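S.K.: Put chain B on the given structure of chain A with help from the hints.
Here are the chains, one letter per residue:
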Amino acid sequence: MKNRLKVQRAIHDLTQADLAEKIGVTRQSINAIEKGKYVPSTVLALKIARLFNESVENVFTLEDND
Amino acid sequence: MKTNYLLPNKFKKLGWVLFIIGILGGIFMYVTDFEPTEVLKMKVLSIYDDQIFGKPTFFKIIENEIFDELVSVFIIVGGFLVGFTKEKIEDEFIYKLRKDSLVWALIVNYSILLVAILFVYDMVFLNILFFNMFTPLLFFVIRFSVLKSKYLRDEE
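From first to last, the protein sequence lines are chains A and B.
To convert, note that position 27 of the first sequence is 27 in this note's numbering; the numbers rise steadily by one, no gaps.
To convert, note that position 35 of the second sequence is 1035 in this note's numbering; the numbers rise steadily by one, no gaps.
It is possible that part of the hints are untrue.
Here are the simulated PhoX-like cross-link-like pairs (lysine-lysine), alpha carbons at most 25 Å apart as the crow flies [to be verified]:
| # | chain 1 | residue 1 | chain 2 | residue 2 |
| --- | --- | --- | --- | --- |
| 1 | A | K35 | B | K1088 |
| 2 | A | K47 | B | K1086 |
| 3 | A | K37 | B | K1096 |
| 4 | A | K6 | B | K1150 |
| 5 | A | K35 | B | K1148 |
| 6 | B | K1099 | A | K2 |
| 7 | A | K22 | B | K1086 |
| 8 | B | K1055 | A | K37 |
| 9 | A | K6 | B | K1148 |
| 10 | A | K35 | B | K1150 |
| 11 | B | K1096 | A | K47 |
| 12 | A | K6 | B | K1096 |
| 13 | B | K1086 | A | K37 |
| 14 | A | K47 | B | K1088 |
| 15 | A | K47 | B | K1148 |
| 16 | B | K1150 | A | K2 |
| 17 | A | K22 | B | K1043 |
Rather than coming from a laboratory, the hints here were simulated on the basis of the structure.
Note that the coordinates shown come from a computational prediction; the quantities given were computed from them, not determined experimentally.
Extracted from the complex, chain A is given alone in its bound form:
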């Protein structure tokens, strides 16, 4: 799964730590998601998308091998 988390963070001028705090997770989680090492749960993905005022598909997208 691809994600545009880093881009969205840049648009909203948030550091990983800022985003983590707003969502209520650790910075490590955000980092792992951005690096594609961790696929967040649906709930977490929805929370992140809501914070950015985007639909989930604009933040997370399937790849061919998913």
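M.R.: Positioned in the frame of chain A, the structure of chain B alone reads:
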């Protein structure tokens, strides 16, 4: 993240203390070929006792040296507290690391045991069985700590 089996974070420190004391006690017992002393000898309840040349008894008070019991209890309770208390910030990613560590520990532990069953015999095998009472917890705690510190160091 709601979990129903994790204890509050404040128990983690206590867990580490018990766990480390227990492991040091265990190592001490192993390297000194620990013989029971009179110091910690006390009356204990034995649910089932099968003495050599004696009749088996149920629910009997017997005399026993409790150092080995203390060491085991410390390692098990300590290990559980370390592995199954919440992190300062508990989220689904930490939860996944914990679960992955558990699976990893179980696979590694039983792989080693399998090799030992096939290729190790007599007293050495008994020693491995003895360690095997604690290695699943030990491997789990080590793996979980390693994964946590790995991701903690992972910078942006």
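S.K.: Determine for every hint whether it applies to the structure shown.
M.R.: Against the structure, the hints come out as follows:
1. K35/A - K1088/B: holds, 23 Å
2. K47/A - K1086/B: holds, 22 Å
3. K37/A - K1096/B: Roughly 12 Å between the alpha carbons, so the hint for K37/A and K1096/B holds.
4. K6/A - K1150/B: holds, 21 Å
5. K35/A - K1148/B: holds, 16 Å
6. K1099/B - K2/A: holds, 24 Å
7. K22/A - K1086/B: Status holds; Cα separation ~20 Å.
8. K1055/B - K37/A: violated, 60 Å
9. K6/A - K1148/B: holds, 22 Å
10. K35/A - K1150/B: It holds: about 14 Å lies between the C-alpha atoms, which stays within 25 Å.
11. K1096/B - K47/A: holds, 18 Å
12. K6/A - K1096/B: holds, 22 Å
13. K1086/B - K37/A: holds, 22 Å
14. K47/A - K1088/B: OK: K47/A and K1088/B at ~21 Å, within 25 Å.
15. K47/A - K1148/B: Answer holds: K47/A to K1148/B is near 24 Å, not above 25 Å.
16. K1150/B - K2/A: holds, 23 Å
17. K22/A - K1043/B: Not satisfied, since the Cα-Cα distance of roughly 56 Å exceeds 25 Å.
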